[in-house]
Amino acid sequence: MKVASLKFQRNAGKSLNNKTLQSALKNIESRFVGARREAISHLDDFEAVRSRATTIRDQVLANLDQWLIRFEQEAQRRGAIVHWAETAEEANRIICDIARQYGVKKAVKSKSMVSEECGLNDALEAAGVQVVETDLGEYILQLAHEPPSHIVAPVLHKTKDEVSDLFAQHHHLPRKTGIAELCQEAREILRPHFIAADMGISGANFLIAETGSVLIVTNEGNGRLATTLPRVHVALTGIEKVVPTLEDATTLVRLLPRSATGQDITNYVSVLTGAKALDESDGPEHFHIVLLDNGRSKMLGTKLQAMLRCIRCGACMNHCPVYQNVGGHAYGWVYPGPMGSVLTPSFAGLAATLPLPNASTLCGACAVVCPVSIPLPDLLREVRHQQSLANLRPWRERKALAVWAWLALRPIWYARCAGLMSRVLAWLGGAKGRIGWLPGAWTRGRDLPAPAGQTFRDLYRKREKP
Amino acid sequence: MRVGLFVTCLVDLMRPSIGFATLRLLAHAGCDVIVPEHQTCCGQPGYNAGDHTAARELAIKLALEFADCDYVVVPSGSCAGMIRVHYPTLFPDDSEPARRVRALAARTYELTDFLVNIAKLQDVPGRFTGNLTYHDSCSGLRELGVKQQPRALLAQLPDATLKEMAQCETCCGFGGAFSVKFDEISSRMADNKARHIHASGANTVVAGDLGCLLNIEGRLRRIGDQATRVLHIAEVLAGDEGQTS
Chain A
1 MKVASLKFQR NAGKSLNNKT LQSALKNIES RFVGARREAI SHLDDFEAVR SRATTIRDQV
61 LANLDQWLIR FEQEAQRRGA IVHWAETAEE ANRIICDIAR QYGVKKAVKS KSMVSEECGL
121 NDALEAAGVQ VVETDLGEYI LQLAHEPPSH IVAPVLHKTK DEVSDLFAQH HHLPRKTGIA
181 ELCQEAREIL RPHFIAADMG ISGANFLIAE TGSVLIVTNE GNGRLATTLP RVHVALTGIE
241 KVVPTLEDAT TLVRLLPRSA TGQDITNYVS VLTGAKALDE SDGPEHFHIV LLDNGRSKML
301 GTKLQAMLRC IRCGACMNHC PVYQNVGGHA YGWVYPGPMG SVLTPSFAGL AATLPLPNAS
361 TLCGACAVVC PVSIPLPDLL REVRHQQSLA NLRPWRERKA LAVWAWLALR PIWYARCAGL
421 MSRVLAWLGG AKGRIGWLPG AWTRGRDLPA PAGQTFRDLY RKREKP
Chain B
1001 MRVGLFVTCL VDLMRPSIGF ATLRLLAHAG CDVIVPEHQT CCGQPGYNAG DHTAARELAI
1061 KLALEFADCD YVVVPSGSCA GMIRVHYPTL FPDDSEPARR VRALAARTYE LTDFLVNIAK
1121 LQDVPGRFTG NLTYHDSCSG LRELGVKQQP RALLAQLPDA TLKEMAQCET CCGFGGAFSV
1181 KFDEISSRMA DNKARHIHAS GANTVVAGDL GCLLNIEGRL RRIGDQATRV LHIAEVLAGD
1241 EGQTS
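As they're listed, the protein sequences go chains A and B. Every letter in the first sequence is one number past the one before it in this note's numbering, and letter 61, counting from 1, is 61. Positions in the second sequence are counted from 1; adding 1000 to them yields this note's numbering.
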């Protein structure tokens, strides 16, 4: 997927003025924020589980290479084939090769953000493989030719009415309006694809090192069909998803759905281990696991390492007041919101993502809800710091900061400038005491309450001298 | 106890009355207050823009200026958070300046936190009659745990009634440079805040950070609300705000 993050500001402006989108975004508060709060309250001690989950993720990241090798050994021992991809292109090449090897004509997909990260669908289509998204949200997006706007609810930006129109247009059936009817229609359309598919593609929520298993959590059942019905199953995921044991995975699964959708548990939790054995009646004949780096290993050992704890629950974006108002597309890539504003610069480069870490008030709501305690505001500041060190900040901003720093370190000059500014602003404010227009952006959407005309330091000095 | 007042650059420039209200509150709480003359800014604008050099120099400057205070009190959760939480991360080493900065961080408090937990103020001097609603500024709330402190102090005003607004913990959209870099988003967030303020039924909104207040008041006035009063917690606790309305 092409990175369009440099256009954040313009796209955010469009989002703010898009009435349909704004009405769709209203669901975040009711559907996700409230539901999470409720589900978290069902845990006896959220902080204890969260702390344990954080430790599990940290321990893996401290020895990531060893856990990955253990995972590979255990997976291969059970008949899976493990591939290592350094880049998105390499992952696509590996999966296209697998498709070619087995003569795959049709692939059905369960939802996978890593496949979005790689642009896998385009690569497979170019290799002559028909790809059908089977997660309802992803299927809708495939029909609409749109990227996801949320990592858990990819079609969050669309209203039900838009989906009704889209289905009527593509399915050539009478327009349905009820959610149950729409789901049923999608099921009926998708079912033959599952049966005809040669390959199923999934992501992985966790890789379990001790058993070489791929764990996925889903709600629609399409994940089970896509990973067990076709003769080939390819699981594509990032290298950071590994956890040591099944028990560790269950700790994380206690937090993931609660944080994501406010469910105590998802409808399906599938643990996929090895290919179909000779004495087994179902499952894929061939099971390939593709482990993607694509910038992740570069974050190890840096101040951004904590970001790799992420279990992709989406709570940070659900609770981000910026995301809540502009939605996911404005961020210009696969991963929106606070987690994306840390990950995208690491994956796509600082220069291509300049606005992202700055598009946050650092309010900290994300860090409070993160189930693996990622200090997101600190990491956003760290990416800003990297931008500053790389001299990537705009010239005007750098000049303004230089002037501010020069003055702040020279109290006498600082006091004179503040005094002058106070008088000028008070004069501009006039009798109303507020300023409707100033150069710069502040007064585009707001007045500026004017000061009284003297600074605190001036008034204080005068007060002291009788 | 000897308390240094860190006025903050916004209060110095935009609303000195908050500084004087803070002085009254600290004096009322029995503190011996000093106001170092050469104080300027805590360094947050640079720090949040990714420029650590200036922030570090300002941290050292501040640590020197407030070296002889038992406590440093700041009428802002954001600036207090910068000193208390972020300064130590800028000085992880064991040098003399680093030790001094970390010591400064450890004795720096947001105003309401200080009044409740250190000075144990039981009789706030202000008078306020009417309904008010409180906006929890992000840094104070989430970096310093300032939540009950301002409410405990407001509860000491016999004629003031706190009417909590929905989403009082949601950011107002200020965010320092964010408010001008992403002014459209910032204004929308302030709109949401304005909606909740109006729905609360209170005619006064109170917060502990002038940045938020400027943003909220600026947006309220722009959308035609000239009536809602927008006050700093220090002004409410120390003065006779509310008597005129």
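One should not assume that every hint holds.
Unchecked claim - Now the in silico label distances, taken between C-beta atoms and shown as ranges:
no., chain 1, residue 1, chain 2, residue 2, range
1, A, Ala48, B, Pro1092, 43 to 49 Å
2, A, Glu29, B, Ala1067, 44 to 50 Å
3, A, Val403, B, Arg1099, 37 to 43 Å
4, B, Arg1151, A, Gln305, 48 to 54 Å
To be verified - Per the computed footprint, the stretches of chain B lying under chain A, defined by three or more beta-carbons under 8 Å from a beta-carbon of chain A, are:
no., segment
5, 1026-1040
6, 1105-1117
7, 1123-1130
8, 1156-1166
To be verified - Dumping the calculated DSBU-like pairs for lysine-lysine here, alpha-carbon to alpha-carbon at most 35 Å:
no., chain 1, residue 1, chain 2, residue 2
9, B, Lys1120, A, Lys303
10, A, Lys276, A, Lys14
11, A, Lys462, B, Lys1061
12, A, Lys176, A, Lys105
13, A, Lys2, B, Lys1181
14, A, Lys432, B, Lys1147
15, B, Lys1120, A, Lys432
16, A, Lys276, A, Lys19
17, A, Lys19, B, Lys1181
18, A, Lys7, B, Lys1120
19, A, Lys176, A, Lys160
20, B, Lys1120, A, Lys462
21, A, Lys399, A, Lys276
22, A, Lys19, A, Lys2
Just so you know, these hints were derived from the structure itself, not from any lab. By construction, the Cβ of each residue, glycine as well, lies at the ideal position given by its N, Cα and C atoms.
Hint check:
no. : hint                                : verdict
1   : A/Ala48 with B/Pro1092: 43 to 49 Å  : violated, 29 Å
2   : A/Glu29 with B/Ala1067: 44 to 50 Å  : holds, 47 Å
3   : A/Val403 with B/Arg1099: 37 to 43 Å : violated, 31 Å
4   : B/Arg1151 with A/Gln305: 48 to 54 Å : violated, 38 Å
5   : 1026-1040                           : holds (count 5)
6   : 1105-1117                           : violated (count 0)
7   : 1123-1130                           : violated (count 0)
8   : 1156-1166                           : violated (count 0)
9   : B/Lys1120 with A/Lys303             : violated, 39 Å
10  : A/Lys276 with A/Lys14               : violated, 50 Å
11  : A/Lys462 with B/Lys1061             : holds, 24 Å
12  : A/Lys176 with A/Lys105              : holds, 31 Å
13  : A/Lys2 with B/Lys1181               : holds, 24 Å
14  : A/Lys432 with B/Lys1147             : holds, 33 Å
15  : B/Lys1120 with A/Lys432             : violated, 39 Å
16  : A/Lys276 with A/Lys19               : violated, 50 Å
17  : A/Lys19 with B/Lys1181              : holds, 23 Å
18  : A/Lys7 with B/Lys1120               : violated, 51 Å
19  : A/Lys176 with A/Lys160              : holds, 10 Å
20  : B/Lys1120 with A/Lys462             : holds, 31 Å
21  : A/Lys399 with A/Lys276              : violated, 64 Å
22  : A/Lys19 with A/Lys2                 : holds, 26 Å
Comparing the model with each earlier hint shows violations of hints 1, 3, 4, 6, 7, 8, 9, 10, 15, 16, 18, 21; every other hint is respected.
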